[in-house]
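Heads up: the protein sequence lines correspond to chains A and B, in order.
Basically my numbering = 1-based index in the first sequence + 110.
Basically my numbering = 1-based index in the second sequence + 110.
Note that these hints are calculated values from the structure, not bench results.
Fair warning: there could be bad hints in the mix.
Distance condition first, Cα-Cα at most 20 Å in a straight line; then the derived SDA-like pairs of lysine to any residue [what the hints assert, rightly or not]:
#, chain 1, residue 1, chain 2, residue 2
1, B, 350, B, 187
2, B, 154, A, 161
3, A, 154, B, 350
Please read these numbers as outputs of a predicted model, since none were measured by experiment.
2 protein chains.
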Amino acid sequence: MHSYNKAFFEQLDRQDPLRRFRDEFVLSEDEIYLDGNSLGAQPKAALAKAQEVVAEQWGTDLIRSWNRHHWFQLPQRLGDKIARLIGADQDEVICTDGTGLNVYKAISAGLSLRPERRVILLEGSNFPTDNYMVQGLVAQLGHRHEIRFAEEDELLAAINEEVAVVCLTQVHYKTGRVLDMAAITRYAQERGCVVIWDLCHSAGALPVDLNGCHADMAIGCTYKYLNGGPGSPAFIFVAKRHQGAALQPLTGWWGHAAPFTFERDYRPAPGINQMLTGTQGIISMAVAEVGIDLMLEASMEQIREKSQALTQYFIELINSECAEYGFVLASPEDKERRGSQVALSHEHGYPIMQAVIDAGVIGDFRAPDILRFGFTPLYTRYVDVWNAVSRIKKVMARETWRSPVYNQRHAVT
Amino acid sequence: MHSYNKAFFEQLDRQDPLRRFRDEFVLSEDEIYLDGNSLGAQPKAALAKAQEVVAEQWGTDLIRSWNRHHWFQLPQRLGDKIARLIGADQDEVICTDGTGLNVYKAISAGLSLRPERRVILLEGSNFPTDNYMVQGLVAQLGHRHEIRFAEEDELLAAINEEVAVVCLTQVHYKTGRVLDMAAITRYAQERGCVVIWDLCHSAGALPVDLNGCHADMAIGCTYKYLNGGPGSPAFIFVAKRHQGAALQPLTGWWGHAAPFTFERDYRPAPGINQMLTGTQGIISMAVAEVGIDLMLEASMEQIREKSQALTQYFIELINSECAEYGFVLASPEDKERRGSQVALSHEHGYPIMQAVIDAGVIGDFRAPDILRFGFTPLYTRYVDVWNAVSRIKKVMARETWRSPVYNQRHAVT
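Bound conformation, chain A alone (with noise of 0.2 Å):
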């Protein structure tokens, strides 16, 4: 057993290589967020970029702000910055877009790469929208297509000659476990697979080495562990190798060989810009760089090794203090296969998770019964842990998320 106190987290506070980051995000005292692996803080560095490129850029310089500001280059220079990230060289990723969008572009890629094969494997229990958009894109082919769902266990007897892609998210979005990248790819493309993963909750919360990896593409969020705001912009990765061959089928004018000859014929850029569509939201992908800029200044094994701790304490202190309540863990036990989070299911699971929030620790609910908390090494303390279990022990003693107030609410993302 174990005899933490307060006092062991603030020390480990104070001896944290990254307690510097904190202090650059926007975060309440009162409150402890546990949900950036929703939607990240805010770096404070934010609303300046974000009043820059309004009145500055927009505002001043109008027009003139797409070559003056580079507002055409976001995409490029943010995917460059993403590369560094996850393991991919430059200009082989690219920023654009949302997640799903890049999904339905890599897979059809994929497929254009396997033109012989018929088979989409997915894992069923993914964050729906991936399986959504193959959903609609193999409808729009006329159901020429297979899609075979596989959960983890069922994956490598399902990867097999007949299947053109596979594509897996690498951190599962409710229970937070780790695929073997390295493996399952090996294991795919020794059977002629294209392999796409997955990186939403993956990118800035663990290492990730695509090409260490000879991954064929990837997607992946900024929202999330990149910090990049509300609904910015996703990302795609093409492996160099591909890049030419793998072509998407959303051919707007940013991905034309030359955007400014306004040709009547679409002409697919060379290299990774083929992925980009049209014109992009540029406040918020201008916001997106501030975050991402932020992660670029973090190593990300420091990142890694403190997202371990604090989820190992997590489950620690909740097998400890709340051994009584009736939480499961649903997350893998073993830190290795664990990304940033930790997944409690729990019969009551919705109302307890609104009565967690309302009692100042910010985590959220996935249906059926899953608790969800994220922990995000650059502004999560270790005393952040202690003080969130401490509350979660209270409401559970005090059974205040038996109030019917907590049954009536719609669920937050």
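Add chain B to chain A, keeping to what the hints say.
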């Protein structure tokens, strides 16, 4: 011959019923901004809105903002507001994604209504992203469809019972020519075609009556005449009678019938929500509402009247003051057939526009030889027309545009 002078235009400004709106925008006193047809000017209130979304909503309320600040409802709320500007009903318009993506959705949905037909009719000289998107779609669907390009005078002859979808831009991006939406829609629908209107250069520029014209679908832009900010989200209209039948294939979770149940399988949302894909750039979208709200305060009839007057005076002044410099009017002479811009062609159009910009008149150049000047009635004054032509005349008289520096620049959109 006229006998205009500066005082004449200043008098028009004093009588202008829209004059109060100029003060709502950030505009330089030294510059004459005639590029609002490419990027609208910044409403002063946009800065406070950006600050509010970043600091108060994202920064303070974090994940709870999705409900508390109605982030999830932004696409519907903005869509309903845009509907009032384009003759659509509530729940027929949604604000989301970019123009090109919405073209792709609309064409896909249009084809789904006419599965037995194989031809898509476009104007070849249209802004190319519409054409590119259709070319991408046709290639993706295995070249089972044929794209026919027609120019304005060939359109009616090209519309027949083979055509599934007619997709036309009402106001031509280069020349500002206005197509007769009511007549073309009727003519095409009598032949069984689905008619899609691109309103990028119409929305906020002139009265549009989609339902009065019985249009099937439409798409458009908010960053031009609606002053939504750089790359602010586009919109898509689907007439009520087609909703539920005209489905688009980019089936992300925001377009699901029950997004928060996280079901494995896609079920299309009823109504216009099916046109949604996934999470939107919230900062860009929230800021866009400011410009849309301003436009809603103005009378579209007054906008059109002033727009026609501004473009007419500009043409007359160019004709009288710059007669010897070789400009040729590339926009319709008839003000009823002209949008809110004037295009002049000139063999040295590119360096001339660069020199004109340096002289403080911000227009833009479109290959191969078009100088575009946009007149946005909310913030362009009559005296701006006089001053702009005076400056253009000086550039031409002094031949400053012949300086080599003006041939070396990059094109500005």
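Which numbered hints are broken by the structure, listed smallest first? 3
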